[in-house]
Amino acid sequence: MPARLKLNVFSPLPPVRSEIANHTTWVLPPLGRLADVTVWTAQEGWSPVEAEGVRVRRYRPDAMPWGELNDADATFFNIGNNTGLHGDIFRVASALPGVVILHDTVLQHFFAGLAVHHGWRAEYLAAMRRHHGPDGLEEGRRLLAGGVGAGELASRFPLALAAADRATAVVCHAPDGARALEARTRLPVYHLDLSMDLSGVEPPPPPAAGNGAGPELRRIVVFGFLGFNRRLPSLLRALAQMPNRDAFRLDIYGQVDDEAEVRLLIASLGITHLVQAHGFVSKAELDRGIARAHLAVNLRFPTMGEASASQLRTWAHALPSLVTRTGWYATLPEDAVFFVDPEDEIEGIKRHLARLLAAPEAFEAAGRRGRSLVAARHSPRRYAEGLVEIARQAPMQHGRRAAVDLARASSRALASMVGMEGLQRAAPGVAEEIALLTRPASPPGG
Amino acid sequence: MRVGLLTVQVPFVRGGAEMLAESLAREIRRAGHEAEIISLPYKWYPPARIPEHMLACRLVDVEESNGVPIDRMIGLKFPAYMARHPNKVLWLLHQHRGAYDLWNTELGDLHNNPDGAHVRAAIQEADTRLIAEARACYTISRKVSERLRRFCDLPSTPLYHPPPGAERLSGGEYGDYFLVPSRINRSKRQGLVVEALALTRHPVRAVFMGAADDQGYTDGLKGAAERGAPGARVTWTGAVSDEQRAELYANCLGVAFVPWDEDYGYVTLEAMLSSKAVVTCADSGGPLEFVADRVNGLVCEPSPAALAEALDLLWERRHVAREYGQAGRQRYRDMGIGWESTLSCLLG
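Quick mapping for you: the protein sequence lines, in order, are chains B and L. Quick note on numbering: the first sequence equals residues 1 to 446 in our numbering. Quick note on numbering: the second sequence equals residues 447 to 794 in our numbering.
You may find that some hints are simply not true.
Unchecked claim - Partial list, computed: chain L residues near chain B (C-beta under 10 Å):
#, residue
1, LEU505
2, TRP549
3, ASN550
4, LEU556
5, HIS557
6, ARG566
7, GLN570
8, ARG575
9, PRO748
10, PRO750
11, ALA751
12, ALA752
What the hints assert, rightly or not - Label pairs and their calculated CB-CB ranges:
#, chain 1, residue 1, chain 2, residue 2, range
13, L, ARG460, B, GLY119, 42 to 50 Å
14, L, GLY621, B, PRO2, 46 to 54 Å
15, B, VAL418, L, GLU480, 32 to 40 Å
16, L, ASN558, B, SER47, 27 to 35 Å
17, L, THR603, B, SER416, 42 to 50 Å
18, L, GLU468, B, GLY119, 40 to 48 Å
Think of the hints as simulated: they come from the structure by calculation, not from any bench. By construction, the Cβ of each residue, glycine as well, lies at the ideal position given by its N, Cα and C atoms.
The shape of chain B in the complex, shown without the other chains (with noise of 0.2 Å):
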């Protein structure tokens, strides 16, 4: 393997609205500096991309060009839930073996956004029975027929694997989620932590009490794309269970699902005057929005076992944050977070707004440990030098997909000349010699 490697990246670029699109731009600078890299997008337009060692080229997934794909020492596929951003990525890492960039575990809305809108139904249906067996065959029609929604099937039909059936390895950004996956993969899980590029927001000063509000007032903010999980409601009523409700602003910024229900909602709990949505804005004003708060809540449940680019976003600005204690939140360091169980989530959400009233100088000490964490951990630069690390390992990835691949061609072949009893008899041995064909000739890193 050269010192330097090529290096493919399919990945949504700026100016779309996706964190996965800022945080390749981020990680794009140190990844050049590393390795040639040459990102693929399928966007008629793109934000020009300033990264010494960094082209970028315009694919369409009917005329892909393999040969200039395979002249790379390996490939990177950024995987979403995004349908619109992600279904032609997932188009060519279903034909090109390379390294699949989990950017979510749960990938229900994904597939089913594809079955439902792209006509991949056969093989959803196809990929709901081979992850998720009879029951999830049953299901996902179920869901083609209109009968449930892809929301009620996440949590038990997370489909993370069916993104893939192709690859050579799968990276995810949560720790806990790359040990789920590890257990039910024999390819290569990797972890590393998602990133976020601090060199475009300064720390801010202690946020004076009001901020522009009002002298005893305290902001808080909420944003992103705003779907059933992100736990509006629940805030939207704590909120309004707060004896002192009137001395909290919330601000909202993004897209919000259900909006007009929300909409109800908040005029039915009487808040109208305490809540503001700003829907989608520019990053610069969003950046002022969350600079000018003491408190952002990034609540998740269920989680997509995804990694948060908005709570990296707010540490970044040193605010501190509610998190549920689930999934990568549950990891977060107890001194950074502020913890929401899912089953107490309304009262704990007012417990945590009471004490902001009372002890703010523990919430800001949380928020610059958050800086502190990302500035250490959550770096471009280590996030670049982990793709790396793990493209270097491709020989070993390529041997432990073949196997997979090998496995699956011997199983079908003895399933049908000795039937389940035969076939399960025979399994170690045929195991072994495919260990034995495609196990790397050092170890990895070795």
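Starting from the known structure of chain B, fit chain L onto it as the hints suggest.
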């Protein structure tokens, strides 16, 4: 000794590898042993089939047959040589070249496939591991040994062997044509000869001997030949009998053999046995192990102009063609190319 010759064959396709296996089996029997060619079917496309064939070969039991041990197994072709045997020796014709020297060239196809890099990695990994388990590794040429060293860092020893039907080949007249033997395909680069014929100063004639591997390529060549060297200057014999082949060799002025990076190339040896000068190219691979420039042939740059110049030189100086041809015959003898030394290594 019972000797198994382990190889693969693309059904209904016959070429040098099949002839080599048959020659080897015959010579082993002549030496007083039992020999059997054990041939497995092979398909290299789509690329996902290749690892499956590797596994299938690995699973074949060739340690004994009908209750009697097979004492020695000689692995010849990828991926047949991956079969297990406690007393296995390799005599590699070549590896899967698409994963090695033909990767990312117009003669390879693996790199243009979405899982090309993936299958290539699997081939390289298994080759590196399983070739090394043989008790000895020989190759058919220095060129194949060089590739094995370069790509897999594995040592091997080249063993030259006579071409099939060597005993039928001998010198005859130095006639008025160059013989261009080989199956007709892009890697043999007959197109280079056709282009050169259009540039020669003399009315050089050429006889292309061999069946078409690639009909489209062959038709294109015939059209180009008709335009560039019209009339009776170019003849296409197609496949010929052994007798016709020997006669065409015996009576040609010289042999033009200009493949790209050939593994070995019986053509060179057949020309030498027929006392004919060989015109070849600097990037032709195997032939360069036998042809010394301006001793028993001409080695030119792989361009139509350079090749045309070489053909013209021999066409107008026929005594030089004769002199080179006879030197080639002598060189063949001096190199001691014969089955005795080959068998001594493979069965030793």
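Checked hints:
The beta carbon of L:LEU505 comes within 6 Å of a beta carbon in chain B, closer than 10 Å, and the hint placing it at the interface holds. Against a cut-off of 10 Å between C-beta atoms, the interface hint on L:TRP549 holds, since the closest Cβ of chain B lies about 8 Å away. Taken as an interface hint, L:ASN550 checks out: its beta carbon lies about 7 Å from the nearest beta carbon of chain B, inside 10 Å. The criterion of a C-beta within 10 Å of any C-beta in chain B is met by L:LEU556, whose closest approach is roughly 8 Å, and the hint holds.
Below 10 Å, beta-carbon pairs count as interface contacts, and L:HIS557 has one with chain B at about 5 Å; its hint therefore holds. Because the beta carbon of L:ARG566 sits about 8 Å from the nearest beta carbon in chain B, less than 10 Å, this interface hint is met. Taking 10 Å as the C-beta cut-off, the interface hint given for L:GLN570 holds, the closest approach to chain B being about 8 Å. With 10 Å as the threshold, the beta carbon of L:ARG575 comes within range of chain B, its nearest partner Cβ sitting at about 6 Å, so the hint holds.
For the restraint placing L:PRO748 at the interface with chain B, the shortest Cβ-Cβ distance is roughly 23 Å, beyond the 10 Å limit, so the hint is violated. With its C-beta approaching chain B no nearer than about 27 Å, L:PRO750 sits outside the 10 Å limit, and its interface hint is violated. Residue-level restraint check for L:ALA751 is violated (minimum Cβ-Cβ distance to chain B is 30 Å; threshold 10 Å). A distance limit of 10 Å between C-beta atoms decides the matter here; for L:ALA752 the minimum to chain B is near 29 Å, and the interface restraint is violated.
The supplied range of 42 to 50 Å is met by L:ARG460 and B:GLY119, whose beta-carbon atoms lie about 46 Å from each other. Judged by the Cβ atoms, the range 46 to 54 Å given for L:GLY621 and B:PRO2 holds: they are separated by roughly 52 Å. For B:VAL418 and L:GLU480, the hinted distance range of 32 to 40 Å is satisfied, since their beta carbons lie about 34 Å from each other. In this structure the supplied range 27 to 35 Å holds for L:ASN558 paired with B:SER47, their Cβ-Cβ distance being about 32 Å.
For the hinted restraint 42 to 50 Å between L:THR603 and B:SER416, the CB-CB distance of approximately 44 Å keeps it satisfied. Restraint check, L:GLU468 to B:GLY119: a C-beta distance of roughly 54 Å breaks the suggested window 40 to 48 Å.
The structure is inconsistent with the numbered hints 9, 10, 11, 12 and 18, although it conforms to all the rest.
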